[in-house]
Amino acid sequence: MDIVHARVAAIDVGKKESLVCVRLPPMREGGERRQEVRTFGTATKDLLALRDWLTGQEVATVVMEATGQYWRGAFYLLEEAMDVVLVNPAHVKGLPGRKTDVLDAVWLCRLAECGLVKASFVPPEPVRQLRDLTRHRASLLGERTRQVQRLEKTLEDAQIKISSVLTDLLGALGRLMLEA
73 MDIVHARVAA
83 IDVGKKESLV
93 CVRLPPMREG
103 GERRQEVRTF
113 GTATKDLLAL
123 RDWLTGQEVA
133 TVVMEATGQY
143 WRGAFYLLEE
153 AMDVVLVNPA
163 HVKGLPGRKT
173 DVLDAVWLCR
183 LAECGLVKAS
193 FVPPEPVRQL
203 RDLTRHRASL
213 LGERTRQVQR
223 LEKTLEDAQI
233 KISSVLTDLL
243 GALGRLMLEA
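With the numbering used here, the residue at position 136 of the sequence shown is 208, and numbering never jumps.
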């Protein structure tokens, strides 16, 4: 198959560690492509070391599997320095017999160098920030609702039937009644 990406890396991301396979052009004309596999942790210092190593190898394209939420840290850090492609594991698991993370990383790297991986959609940074804020707002609204329901239950247990008179316990009138 034709090589589309001369300097490519693939990352098999895990909870505690990531296996990284890098495939590079041969040292001399007509030689075999070079391949190196390394293991990195998932802490920030380890991800920075990964980025520095990939930059030192002059890797232009990095492909990683979208495993749970574990891919996010590496993706966000690497996207500033190089082209990062996130792929769905179901789309690249086709070869039987690959049972180790090392073999997964090597297989993914071979697919990537030939341009045989389909990128998953990752929204741009501003959209990700907006989604995070929206998610947090929804969480806060849910917590507010739980607290209002808790207050209503406490008042009901004390035989104060204020919720039968008010539609909004924490509205202006409801707060006045609670303070009285």
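Please keep in mind that the hints were generated in silico from the structure rather than gathered at the bench.
Careful, some of the hints might be misleading.
Unchecked claim - Below 20 Å or equal to it, Euclidean Cα-Cα: the simulated DMTMM-like pairs (lysine to aspartate or glutamate) are:
| hint | residue 1 | residue 2 |
| --- | --- | --- |
| 1 | K225 | E215 |
| 2 | K233 | E251 |
| 3 | K117 | D74 |
| 4 | K225 | D173 |
| 5 | K88 | E130 |
| 6 | K117 | E152 |
| 7 | K87 | E215 |
| 8 | K190 | D240 |
| 9 | K225 | D204 |
| 10 | K190 | D74 |
| 11 | K225 | E251 |
| 12 | K88 | D173 |
| 13 | K190 | D155 |
| 14 | K87 | D118 |
Claimed, not checked - Label-pair distances were calculated between CB atoms; the ranges are:
| hint | residue 1 | residue 2 | range |
| --- | --- | --- | --- |
| 15 | L238 | R144 | 54 to 60 Å |
| 16 | L175 | R218 | 46 to 52 Å |
| 17 | N160 | K117 | 24 to 30 Å |
| 18 | H163 | E104 | 26 to 32 Å |
Even glycine gets a Cβ: it sits at the ideal position worked out from N, Cα and C.
Against the structure, the hints come out as follows:
Between K225 and E215, the direct Cα distance comes to roughly 15 Å. Compliance with the 20 Å bound is thereby established for this hinted pair. For the hint pairing K233 with E251, the CA-to-CA distance comes to about 15 Å; that is within 20 Å, so the pair holds. With a C-alpha separation of about 36 Å, the suggested pairing of K117 with D74 is violated against the 20 Å cut-off. Between K225 and D173, the direct Cα distance comes to roughly 52 Å. Violation of the 20 Å bound is thereby established for this hinted pair.
The straight-line distance between the Cα atoms of K88 and E130 is roughly 26 Å, outside the 20 Å bound, and the hint therefore fails. Restraint check: the Cα-Cα separation between K117 and E152 comes to about 16 Å, which is no more than 20 Å; the hinted pair holds. As the CA atoms of K87 and E215 are separated by approximately 29 Å, the hinted pair breaks the 20 Å bound. For the proposed pair K190 and D240, the alpha carbon gap of about 50 Å is over 20 Å, so the pair is violated.
At roughly 32 Å between alpha-carbon atoms, K225 and D204 are farther apart than 20 Å, so this suggested pair is violated. Of the supplied pair hints, the one linking K190 and D74 holds, its CA atoms being roughly 17 Å apart against a limit of 20 Å. Proximity of K225 to E251 is assessed by CA-CA distance (about 17 Å); at most 20 Å being required, the pair is judged to hold. Using a Cα cut-off of 20 Å, the hinted pair K88 and D173 holds, with the two alpha carbons roughly 13 Å apart.
Between K190 and D155 the CA atoms are separated by roughly 14 Å; this keeps the pair inside 20 Å, and the hint holds. Under the criterion of a C-alpha separation no larger than 20 Å, the hint pairing K87 with D118 is consistent with the structure, at around 13 Å. As the Cβ distance of L238 to R144 is approximately 44 Å, the hint placing it in 54 to 60 Å is violated. In this structure the supplied range 46 to 52 Å holds for L175 paired with R218, their Cβ-Cβ distance being about 47 Å.
Taken as a hint, the range 24 to 30 Å holds for the pair N160 and K117, whose Cβ atoms sit roughly 29 Å apart. Taking 26 to 32 Å as the suggested C-beta distance range, the pair H163 and E104 conforms, at roughly 27 Å.
Checked against the numbered hints given earlier, the structure breaks hints 3, 4, 5, 7, 8, 9, 15 and satisfies all the rest.
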